[in-house]
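Top to bottom, those sequences are chains A and B. The opening position of the first sequence corresponds to residue 1455 in this note's numbering, with each subsequent residue numbered one higher. The opening position of the second sequence corresponds to residue 1455 in this note's numbering, with each subsequent residue numbered one higher.
These are calculated hints, taken from the structure and not from any lab test. All values derive from a computational prediction rather than experimental measurement. Some clues are possibly wrong.
It does not matter which identical chain is used: a pair holds within one copy or between any two.
As a list, the in silico SDA-like pairs of lysine to any residue whose alpha-carbon atoms are at most 20 Å apart [to be verified]:
id, residue 1, residue 2
1, Lys1656, Gly1734
2, Lys1795, Ala1689
3, Lys1760, Gln1535
4, Lys1614, Glu1506
5, Lys1586, Ala1607
6, Lys1760, Ile1847
7, Lys1795, Leu1727
8, Lys1581, Ala1497
9, Lys1795, Gly1686
10, Lys1710, Gly1585
11, Lys1614, Asp1685
12, Lys1795, Asn1731
Number of protein chains: 2
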Amino acid sequence: MNGSHLDDFLRFLSFPSVSADSAPAYRQGVKECSEWLAGRLRAAGLVPEIHETPGNPIVVARNAHAAGLPTVLIYGHYDVQPVDPLALWHHPPFEPHVENGIVTARGSADNKGQILAHILGVEEGLKEGNGKLPVNLIFLIEGEEEIGSPNLAPFLEAHKEAFRCDGVVISDSPMIAPGVPTLTYGLRGVAAMEVSVYGPAKDLHSGMYGGAVENPVTVLARLVASLHQADGSVAVPGFYDGVEPVAAWEREEWAKLPFGAAELLAASGAPALGGENHLGVHERLWARPTAEVNGLYGGYQGEGSKTVLPAEAHAKLTFRLVPGQDSASVLAAVEAHLRAKAPGSVRLVVTPGHAGEAYVTSPITGWGAAAQSALRIAFPGKEIALTREGGSIPIVGDFRRILGVDTLLLGLCLPDCNAHSPNETFPLANLEAGIRLNRALLPELGAIGGGKPPIK
Amino acid sequence: MNGSHLDDFLRFLSFPSVSADSAPAYRQGVKECSEWLAGRLRAAGLVPEIHETPGNPIVVARNAHAAGLPTVLIYGHYDVQPVDPLALWHHPPFEPHVENGIVTARGSADNKGQILAHILGVEEGLKEGNGKLPVNLIFLIEGEEEIGSPNLAPFLEAHKEAFRCDGVVISDSPMIAPGVPTLTYGLRGVAAMEVSVYGPAKDLHSGMYGGAVENPVTVLARLVASLHQADGSVAVPGFYDGVEPVAAWEREEWAKLPFGAAELLAASGAPALGGENHLGVHERLWARPTAEVNGLYGGYQGEGSKTVLPAEAHAKLTFRLVPGQDSASVLAAVEAHLRAKAPGSVRLVVTPGHAGEAYVTSPITGWGAAAQSALRIAFPGKEIALTREGGSIPIVGDFRRILGVDTLLLGLCLPDCNAHSPNETFPLANLEAGIRLNRALLPELGAIGGGKPPIK
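Let the sequences and hints guide you as you build the complete structure.
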């Protein structure tokens, strides 16, 4: 381990840059961290800028851009999660502890280790290239990722020209298993909906009215039950319209992954897996849409029994979307299905919520192929995992929507890194691997060439 | 209106005999009310006793019993509901207000008006009979009905011989419509159950796990949905075993009632009625068992959306039972049904709760016929409503279980009397009708004869 790399990492981790807490120490931590970061980017040979926002500053840095080179935007965040519950930490979260090559500190895996690796990689590249890089580089490092990036999209919208690029690189997703270089090339989208069922004007006595007045909770349970077929698929007509099938090469790649049904079952703690059991788990998690109840409630929830026929019942639903689906069409299809199923003895209220489309890019052509080459160099002798994710990363959608570009998601932290939990860890070996990854990636992307695409 | 009757009623209503509130004023109200009641029973010509219990006193009074006469136990309660919300009362709840022949006060309809009517009727009967009644009479007036009668059954168990009787009379149920004399001859039973579904070890991210890990809320919704057929009947195998059909005379009586589908719909406030729509509403409410969800909850219930795959879900169920069903068998059948339906991807926990059997007696023979005759005398020219109730009255089951006798349920309060609500009312005409009812009933029951049955 390079001693100066470690010093940089420990310094970066010492700032309590918690974005979700307005306590003065954290406000100070955010401010000082952004200033340190700008200084470190300047020391690396880049030109930094600190952009104030209504929230926390956004740190930007560029090299000297040259015509004809592709422009690469490396995104990251210097803010970190809160530390609660503090009592569960084995060491103070902002006093980094190094043991057996592992650094324990808040923000080590999410996302300071990865950001620093990219900066250190660029610093080395600039030195070796006598101040020149094979790409036009933009670092975009925000301070509000852990609170939902409220000021990032407006900032990008307001400065589209300044962030015109050929693609984005993010290292903020996990490796699928320790030591396995991971390129994530797809994300599911999401569409939310609240469903309310109203029956009697008020809660009724279940003895006096039960049997002749419809129970809204029962009706809602039937509606939820009607969302799925017996085989685990979604029963809403039109729900699968446009769903893109999994390619043969994807099935082959997924079959090789060191994370399958057994690992998923163990991670979940469930008695057995569920859903579309006739399909593989990777397809079910990454390439199949879902209809999920995030919450359902109606009637009495206290101790013991209360013989009430509830007046209303509510469900919070989200639908995970896959490429080829359209969130508005899915929400409309679900609402039509629910309205067709609801009896006239209740009043149904359907409220659409937030939505974001699924994302997929090719990991085997263009930038994807370049990223694979770089991962092979950074992790010599290792098989590369080509994965999608079942969740959604809204900023990836923002980059596509606002800048019109795709994103490479390059995993550098371990799946058990305790991001968002006490005792967050990042191996120093992964810091070094990240530096190698950056050193290899920029020449690969530079070799592809290209130039700034038109801003949409 | 007899002025002394009104004076008695206003005095009885002035005691704040709230059983659910331990405030000193209410403790005092309970004590003074029981003492006033014992005094009033003595003044009527009976021999009163005040029995202390771990809670509120039970007031008992008897005439001089004679061999060969049937023994009639008149049950009532002198405790009343709390008065909250006090601001909604148009007059202070314990300062009775009389207007247009209607008394407004807490306890007027539940149950002081009826109790007083029986006492005044007995007083008149004793006077006319020169100290003799056509029956052996026992008044049993408790002070804890509104908190679930915790000390009544133990008291009866401990004094079985002293309360040996041929039957019980209770006037604590509503008339089915204003001015309609009502004899209630059946009650549904109830059996409670909690159902919990456990899936993953903790709440999971619905994006990362959704599609391959079963959602416990969805599973519980399916289980609830599986409880019913499309026609509204209960789908649990064996659920209807032993259910007694409605007799032809009952259908005829119910068809004549001034309370049917339209009145039920209006009272419920629901958009339309539900359940077994191919059956009449009286049969559905009184003679058909139900499977009701009193509460269901799982996952996120807060504002907005949270993309969680919940670890568990819970439902509180009650089953209303009808004559011929057995609560233990019903609970066992439901549990077997749920276990057969639950997938192996979740853990199902079923917890049986309280249970009480259904009750039915004949309103057209024996005491039932005598009660009808008395109602005809008390409400001249009125058609008598023969009804069952959809709810359960546990003390009726206690009297059958402990004393081995049936109960006449004679309605004297109006359906819109605001029992348990602000501005509780009781018409003075119903007080007088209650006196007439008592005056007519005791000779009718005396004419049937009988004697104390063996205590079981």
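Next on the checklist: Regarding Lys1581 and Ala1497, is the shortest C-alpha distance of 20 Å or less found within a copy, between copies, in both, or in neither?
Outcome noted: Close inside one copy (11 Å), not across copies (112 Å); limit 20 Å.
Next on the checklist: At most 20 Å between CA atoms: does that hold for Lys1656 and Gly1734 within a copy, between copies, both, or neither?
Outcome noted: Neither. Shortest intra-copy (46 Å) and inter-copy (23 Å) distances fail the 20 Å Cα cut-off.
Next on the checklist: If the cut is 20 Å between Cα atoms, do Lys1760 and Gln1535 qualify within a copy, between copies, both or neither?
Outcome noted: between (41 Å within a copy, 17 Å between copies)
Checklist entry - Is the C-alpha distance from Lys1795 to Asn1731 at most 20 Å within one copy, between copies, in both cases, or in neither? => result Result: close only across copies, 17 Å inter versus 26 Å intra.
Checklist entry - 20 Å Cα cut-off: does Lys1795 pair with Gly1686 within a copy, between copies, both or neither? => result both (19 Å within a copy, 15 Å between copies)
Checklist entry - When no copy is specified for Lys1710 and Gly1585, does a C-alpha distance of 20 Å or less occur within a copy, between copies, both, or neither? => result The answer is neither: 41 Å in one copy and 99 Å across copies each exceed 20 Å.
Checklist entry - Given identical chains, is Lys1586 near Ala1607, meaning Cα to Cα at most 20 Å, within a copy, between copies, both, or neither? => result Classified as neither; 30 Å inside a copy, 93 Å across copies.
Item to check | Intra- versus inter-copy proximity for Ala1689 and Lys1795 (alpha-carbon distance at most 20 Å) | outcome: both (12 Å within a copy, 19 Å between copies)
Next on the checklist: Cα distance capped at 20 Å. Does Lys1614 pair with Glu1506 within a copy, between copies, both, or neither?
Outcome noted: within (17 Å within a copy, 84 Å between copies)
Next on the checklist: For Lys1760 and Ile1847, with the copy left unspecified, which applies at a CA distance of at most 20 Å: within, between, both, or neither?
Outcome noted: between (43 Å within a copy, 15 Å between copies)
Checklist entry - Between Lys1614 and Asp1685, at a C-alpha cutoff of 20 Å, which is it: within one copy, between copies, both, or neither? => result neither (46 Å within a copy, 60 Å between copies)
Checklist entry - Given a CA cutoff of 20 Å, do Lys1795 and Leu1727 count as a within-copy pair, a between-copy pair, both, or neither? => result between (28 Å within a copy, 16 Å between copies)
The earlier numbered hints that this structure contradicts are 1, 5, 10 and 11.
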